[in-house]
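Engineer: The listed protein sequences derive, respectively, from chains Y and A. For the first sequence, this note's numbering begins at 133 and goes up steadily by one. For the second sequence, this note's numbering begins at 406 and goes up steadily by one.
No lab work stands behind these hints: they were computed from the structure. Source: prediction; values computed, not measured. Glycine included, each C-beta is placed from N, C-alpha and C at the ideal position. Keep in mind that the hints are not guaranteed to be accurate.
[To be verified] One-sided and incomplete, this derived list gives chain A residues near chain Y with beta-carbon spacing under 7 Å:
1. Asp457
2. Val461
3. Val471
4. Asp475
5. Ala532
Single-letter residue listing:
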Amino acid sequence: MSATSQTITLPGPLPLDGGGDLARVEVALETYGELNADRSNAILLCHALTGDQYVASAHPITGKPGWWERMVGPGKPIDTDRFHVICANVIGSCMGSTGPASAAPDGAPYAMRFPVITIRDMVRAHVGLLDALGIDRLHAVVGGSMGGMQALSLAANWPERTARVLVIASTSRHSAQNIAFHELGRQAIMADPRWKQGNYYGGEAPDNGLAVARMAAHITYLSEEALTGKFGRNLQDRDAKSFGFDADFQVESYLRYQGSGFTRRFDANSYLYITRAMDYFDLAEEHGGRLANAFAGADARFCLVSFDSDWLYPTSESRHVVHALNAAGAAVSFVELSAPHGHDSFLLDVPALDRVIGGFLG
Amino acid sequence: MSHPATELRPDLAVIADQIEPGSRVLDIGCGDGALMLALREKACDVRGIEIDGACVERCVSQGLSVVQGDADRDLGDYPDKGFDYAVLSQTLQTAERPDRMLGELLRVGNRAFVSFPNFAHWRTRAALMFGGRMPVTRAIPVSWYETQNIHHVTILDFRDLAAEKGATIERDWYFAKERPIGRLAANSRAEFAVFELAR
Numbered sequence: 133m134s135a136t137s138q139t140i141t142l143p144g145p146l147p148l149d150g151g152g153d154l155a156r157v158e159v160a161l162e163t164y165g166e167l168n169a170d171r172s173n174a175i176l177l178c179h180a181l182t183g184d185q186y187v188a189s190a191h192p193i194t195g196k197p198g199w200w201e202r203m204v205g206p207g208k209p210i211d212t213d214r215f216h217v218i219c220a221n222v223i224g225s226c227m228g229s230t231g232p233a234s235a236a237p238d239g240a241p242y243a244m245r246f247p248v249i250t251i252r253d254m255v256r257a258h259v260g261l262l263d264a265l266g267i268d269r270l271h272a273v274v275g276g277s278m279g280g281m282q283a284l285s286l287a288a289n290w291p292e293r294t295a296r297v298l299v300i301a302s303t304s305r306h307s308a309q310n311i312a313f314h315e316l317g318r319q320a321i322m323a324d325p326r327w328k329q330g331n332y333y334g335g336e337a338p339d340n341g342l343a344v345a346r347m348a349a350h351i352t353y354l355s356e357e358a359l360t361g362k363f364g365r366n367l368q369d370r371d372a373k374s375f376g377f378d379a380d381f382q383v384e385s386y387l388r389y390q391g392s393g394f395t396r397r398f399d400a401n402s403y404l405y406i407t408r409a410m411d412y413f414d415l416a417e418e419h420g421g422r423l424a425n426a427f428a429g430a431d432a433r434f435c436l437v438s439f440d441s442d443w444l445y446p447t448s449e450s451r452h453v454v455h456a457l458n459a460a461g462a463a464v465s466f467v468e469l470s471a472p473h474g475h476d477s478f479l480l481d482v483p484a485l486d487r488v489i490g491g492f493l494g
Numbered sequence: 406m407s408h409p410a411t412e413l414r415p416d417l418a419v420i421a422d423q424i425e426p427g428s429r430v431l432d433i434g435c436g437d438g439a440l441m442l443a444l445r446e447k448a449c450d451v452r453g454i455e456i457d458g459a460c461v462e463r464c465v466s467q468g469l470s471v472v473q474g475d476a477d478r479d480l481g482d483y484p485d486k487g488f489d490y491a492v493l494s495q496t497l498q499t500a501e502r503p504d505r506m507l508g509e510l511l512r513v514g515n516r517a518f519v520s521f522p523n524f525a526h527w528r529t530r531a532a533l534m535f536g537g538r539m540p541v542t543r544a545i546p547v548s549w550y551e552t553q554n555i556h557h558v559t560i561l562d563f564r565d566l567a568a569e570k571g572a573t574i575e576r577d578w579y580f581a582k583e584r585p586i587g588r589l590a591a592n593s594r595a596e597f598a599v600f601e602l603a604r
């Protein structure tokens, strides 16, 4: 599908939740479909932790199709014949927006000098982008997983900027278990001798650590049922166990493949910064400890979707948000869809999700 | 799924007819959203709660604001008097505690509509009296062991409960064979009843 790629430099420094600001912020984005004359048909799509702006166009490094091509395109549930779809790489990431691999004002990569950012900082950069694009009010903000956190953050902090908020397989706060899995990944990266306190740019990257982080995270994206159905106890290219530590089992081989493939396209320091931002996310905490306060006076329509097999951000987390929205008197829809794949269901073939998204976006 | 108002189930048609255009309405147990669609035509701001995921999906894909949830538990989240009307159609008899649900209904809505199958209809009485078994009738079509109707109620019972909850019955409607009937001997002649309550 025809996409327009661009990189926009925000006009001023970006203030950050952790104090200080980011001097020069570039935001890389892809857009699909025409913006209409009154600039009212824009949909901001927010990507997940390791996602990027290539939502419906081939990935420049892997050559793989866009990560939500089944959902975004002409005649699809997010219909680019009707909507102008914007997907921007989050700050802190590594696909063209300013992140730890970018050059600091002194010309050297930021590495660990990059400030710790939050989900709200990411969204603040998105809002800066919308300003630069001349879009006052979105038709909708849409996101799954970390993208859903951004959608909620936009709705809570810049409620005038969107008419609809669609949050899929997400949460208003990271749980202890969520933080624990992320810490495991970060420790794997930082334990890799090639990490060198983050100063590996220009040399060998800590790919082993990053691969382990990805492997651990990948397990959390799938349900037990999906893993069992896909691999069971099947052996990989062999008839008997090797009595060694090779990848005897298919599931081991699969995870190793996922891990090493990931290192080709992702920066280890970005992984540290973005997982940190997610761990810090607690929308209630930002609003006096009461989640309903986050949505006081919200006039947008909300839709939350969870999956029954998602144990990373289970249905109870979506319900928690729905209860707060009800208490705030917001117009909210919520449905728990049945799908076998676990958290990753939002990216996979779940026809009911297509119908819900299409219906909600109107 | 989208029925024009004329094809609405009779109790829903009455309710749709009575609700003022532009009202804020909460439809508890909204099913496939038939009443909500009719009320949307009247420019109402209408929200729904429904326990069945397939029904919720159909509602949301028609652009209705419906939350999948259990009315027994989830009504507590809604603010006091957040709605002009709260509607409970064919759901009271499935509630864990119908008395509490009626209280919640009158808390979240300025007015409430409640419809339910009347267990004192003569067919039900006859089935029990002469058949000696739990009735399976047009109005109560599912056997005792699989019915969701765990708290059967009669028109007289409902009037008592409404009085106990301090609610006044503003209006009432009765139906047999899908058609409206008069108030005379409604407790034995009506298969369904609709009440409008206020407190």
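Engineer: If any of the earlier hints don't hold here, list their numbers in rising order.
Structural biologist: Hints 1, 4 and 5 not satisfied by this model.
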